[in-house]
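In the order they appear, the protein sequences are chains A and B. Per full-length UniProt numbering, the first sequence runs over residues 1 to 424. Per full-length UniProt numbering, the second sequence runs over residues 1 to 450.
Warning: the hint list may mix true and false statements.
Examples of chain A residues toward chain B, derived with CB under 8 angstroms [stated by the list, open to error]:
#1 206
#2 210
#3 213
#4 240
#5 242
#6 245
Derived pair list, reagent style EDC-like, types lysine to aspartate or glutamate, alpha-carbon separation capped at 16 angstroms [to be verified]:
#7 A:279 <-> B:279
#8 A:183 <-> A:248
#9 A:279 <-> B:275
#10 A:102 <-> A:288
#11 A:279 <-> A:423
#12 A:368 <-> A:288
In case anyone wonders, no lab produced these hints; they're calculated from the structure. Virtual Cβ for every residue (Gly too), placed ideally from N, Cα, C.
Chain by chain, the residues run as shown.
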Amino acid sequence: MTRKAAIVGGNRIPFARSNKKYARASNQDMLTATIDGLVARHGLAGEQVGEVVAGAVLKHARDFNLTREAVLGSQLSPATPAYDVQQACGTGLEAAVLVANKIALGQIESGIAGGTDTTSDAPLAVNDDLRKVLIAANAAKTLPDRLKLLSRIRPGQLVPDQPRNVEPRTGLSMGEHAAITAKEWEISREAQDELAVASHHHLAAAYDRGFFDDLVTPFLGLTRDDNLRPDSTVEKLSTLKPVFGKGEGATMTAANSTPLTDGASAVLLASDEWAAEHKLPVWAHLVDAQTAAVDYVHGGEGLLMAPAYAMPVMLARNGLTLQDFDLYEIHEAFASTVLSTMKAWEDPGFCKEKLGLDAPLGPIDRSKLNVNGSSLAAGHPFAATGGRIVASLAKMLHEAGPGKRGLISICAAGGQGVVAILES
Amino acid sequence: MSDWYRDFANSGIGSTITKQFGLPRPVRLRRYTPGQPLLDGPALVGSAGDGRLRAEVESVLKEDGVTVLSPVTADGERGTKVAAVVLDATGVTTPADLAAAHDFLAPAVKRLGTNGRVVVLGEVPGEAPSPALAAARQALDGLVRSLAKELRAGATANLVYVPSGAEASVPGPLRFFLSGRSAYVDGQTVTLSAADVPSADGGATPLAGKVAVVTGAARGIGASIAEVLGRDGAHVVAVDVPAAGQALAEVANRIGGTALQLDITAPDAAARLVEHVVERHGGVDVVVHNAGITRDKLLVNMDAARWNSVLAVNLQAQLDMTQALLDAPGALKDGARVVAVSSQSGIAGNRGQTNYSASKAGVIGMVRSWAAKFASRGATINAVAPGFIVTEMTAKMPFGTREVGARLNSLQQGGLPVDVAEAIAWLAQPASAGVNGQVLRVCGQNLLGA
């Protein structure tokens with residue numbers, strides 16, 4: 001006998017463009033502040049929750065027990081257990097699924113799922129050759145041996161290894177991968193720019209009507225996402241030069257791709273009983289989730305197309321069609337990713353050959369898509385995006401009334417994808 | 001925040017110099033800490049005329065373990081310092097009777113120690129059937145205000161008017177004016193009314209089980225109010241604008257409360273507050289309207305934006321939220337306490353603050369008007385008007401202006417946010433049921449508008 005986990009609240013710090021407001025904040029600083037904001041909003045100071053699950057995509061070696069350390073630095077009871085997860089950009093949503101599953105199984109009554117990422121305070125690794133010499137020198141038994149080894153250090157080895165936003169198996173950046181997919185699906189520059197502009201306008205309007213008053217807590221003087229451009233227009237965006245893809249057909253610019261961003265988010269999940277005991281209204285339940293992965297290395301599929309594969313599996317399991325939802329949240333890693341994914345679901349050939357379906361999944365009503373903005377406007381601190389989407393969608397469904405359904409689709413590096421259904 | 005001048009005046013050389021030159025000699029005020037006795041020494045209790053409250057006063061003092069000395073026994077113990085002097089002047093019926101007040105107070109006040117307390121209880125002048133009676137009762141007001149100005153070394157004098165039938169309302173206010181909670185309340189008059197007052201005072205946590213909303217709680221006086229209400233046992237819903245959210249969360253977490261980010265001037269703010277307190281807390285017991293802004297300019301130079309924003313935050317939002325809480329079933333619990341933060345500027349006016357003073361005077365009109373309606377629900381609504389309170393804001397004032405501003409009161413020093421918070425927390429107590437529609441200044445008897 002399982003039960004469905006309730007989403008009762010969320011918190012995030014405003015997302016900041018790389019090397020701006022949060023340049024000196026660590027993953028742990030941001031996650032701790034985010035948990036503390038969640039604790040304050042829900043009156044949980046000193047309380048023990050069942051489990052805190054969070055992660056970061058870009059991690060320092062010192063971040064080995066990141067979530068537990070954040071809990072210890074937070075206002076939660078130190079008796080709150082925690083663990084880290086990492087599934088690239090799917091981290092935040094996957095963390096929520098993991099917490100929800102334990103609640104569904106009755107193993108915990110409450111939990112916090114989150115994610116944090118900094119591209120500013122990124123880890124720099126010691127050059128691999130240098131690292132090997134240093135390890136050997138450390139293991140050497142005599143001083144002469146040690147000096148001999150150290151004498152092998154060359155200036156070139158002193159340049160640190162920087163983390164790169166590339167797929168290890170292809171050497172291509174995520175943007176370059178997305179550009180290939182965009183070209184394949186013939187996604188126009190204009191369609192991408194329109195999606196980006198809508199994201200900015202929706203997010204700005206949501207801020208203005210106070211939608212984020214109980215979803216965001218300012219951090220280090222930042223009160224709104226600093227990537228947000230409320231006055232963005234298609235005309236303005238059309239003047240930008242493409243940054244991904246090559247030559248004539250290149251359509252992807254800095255504006256219709258998400259920028260590198262710093263930030264953190266957290267979602268509070270619980271059993272209905274726990275929520276009632278704490279007088280916390282249930283925003284929505286996490287109904288189901290599905291992951292998928294594609295062979296983008298040799299299989300000829302786009303790096304970010306995995307959610308397209310996860311979706312029909314989850315829909316079939318729940319006896320739903322793609323049109324049975326009131327709201328859709330498709331993570332805007334790139335505008336072209338959203339558009340390619342939707343185009344694929346509408347394509348009879350793709351749905352038949354790749355997904356093995358008799359009929360295409362069909363179109364999504366664009367007026368129900370990312371209605372309060374998404375990553376193109378807010379920014380995308382990798383592991384924090386899932387928590388941002390889950391909390392926002394749950395609140396939107398709650399505002400829309402009982403029985404409303406929402407769909408989440410998030411693509412991730414390594415050719416992976418996570419999708420989920422929420423219902424108020 | 002440290003008071004360098006006070007510390008200097010209390011040092012060896014500073015003491016000599018300030019004495020020699022007749023400079024102000026402020027002392028470190030005795031402020032309340034949990035577990036502190038009501039008084040640090042005995043109290044002298046006396047009457048002028050045939051008062052009716054002396055037994056009540058003595059029983060409150062004895063309940064709190066205070067040794068009560070009467071003027072007769074006091075003669076035998078000349079020289080012992082006393083911590084408080086309480087005069088029951090409800091028996092004063094003619095101006096001639098006031099001589100008895102003088103006869104008691106003069107030797108008694110001489111024995112008052114550092115941070116001593118003088119509390120005078122009188123009958124309400126407005127209810128007097130004859131001019132002579134009204135004159136005699138009103139005279140107490142002048143007596144107490146002047147005595148407050150004569151007292152030194154942190155001592156205060158305050159007057160409580162007790163109409164007949166309101167005897168049960170006396171213990172709470174009496175304890176407040178004697179205790180360290182009223183450290184910066186001086187030369188004030190409070191008029192009690194008859195009310196259902198609980199017999200127990202709640203001990204160290206008089207607000208246990210209560211839910212309190214505090215607006216403007218992210219910093220300054222608001223944060224202090226939240227902390228003191230939390231200390232006294234309340235669950236505090238700390239409200240502030242979303243932009244102040246980080247500081248607000250820190251305040252809420254420090255006191256185990258809840259943070260609510262809300263722009264109180266938003267069109268749906270009152271509705272959102274009501275929904276929050278009903279859904280999350282099953283209603284609210286204490287509401288402190290503290291949020292306030294200043295946009296100073298001389299009237300002739302003031303634009304509409306400055307005028308409107310100050311009136312919207314400081315006055316209209318208080319009216320809207322209070323009305324919404326009154327209207328929504330279950331939002332404002334029976335016996336609720338609303339405390340609105342006014343200001344000395346709302347009483348005395350202040351150059352460059354026509355908008356601010358208008359809003360803060362408006363707050364006084366608001367609580368007086370609503371008092372009867374609140375009384376009918378067993379609730380109260382009062383205003384607290386802070387004087388010169390040392391905050392981040394005053395720290396930015398020019399040195400001279402700040403130092404002079406801080407000394408122009410009977411206690412010769414600026415107050416602290418906690419002084420305002422203590423007064424509010426007292427008004428929020430169940431035992432303050434008989435204090436309604438009052439405006440309490442927390443100003444150390446500031447010369448402005450006194």
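Hint check:
1. Nearest Cβ of chain B to the Cβ of residue 206 of chain A: about 12 angstroms, over the 8 angstroms cut. The hint is violated.
2. The interface hint given for residue 210 of chain A is met, as the beta carbon of that residue sits about 6 angstroms from the closest beta carbon of chain B, less than 8 angstroms.
3. The closest approach between the C-beta of residue 213 of chain A and any C-beta of chain B is roughly 5 angstroms, which is under the 8 angstroms cut-off, so the hint is satisfied.
4. For residue 240 of chain A, the suggested interface contact is broken, since its CB lies about 31 angstroms from the closest CB of chain B, more than 8 angstroms.
5. Proximity of residue 242 of chain A to chain B is violated relative to the hint, the smallest CB-CB distance being about 37 angstroms (cut-off 8 angstroms).
6. Evaluation of the residue 245 of chain A hint against chain B yields a violated restraint, the C-beta minimum of about 39 angstroms exceeding 8 angstroms.
7. For the hint pairing residue 279 of chain A with residue 279 of chain B, the CA-to-CA distance comes to about 7 angstroms; that is within 16 angstroms, so the pair holds.
8. Among the hinted pairs, residue 183 of chain A with residue 248 of chain A is consistent with the structure: their alpha-carbon atoms are about 11 angstroms apart, no more than 16 angstroms.
9. For the proposed pair residue 279 of chain A and residue 275 of chain B, the alpha carbon gap of about 12 angstroms is at most 16 angstroms, so the pair holds.
10. As the CA atoms of residue 102 of chain A and residue 288 of chain A are separated by approximately 13 angstroms, the hinted pair is consistent with the 16 angstroms bound.
11. A distance of roughly 20 angstroms separates the Cα atoms of residue 279 of chain A and residue 423 of chain A; the hinted pair therefore is violated under the 16 angstroms criterion.
12. With a C-alpha separation of about 20 angstroms, the suggested pair residue 368 of chain A and residue 288 of chain A falls outside the 16 angstroms cut-off, and the hint is violated.
Comparing the model with each earlier hint shows violations of hints 1, 4, 5, 6, 11, 12; every other hint is respected.
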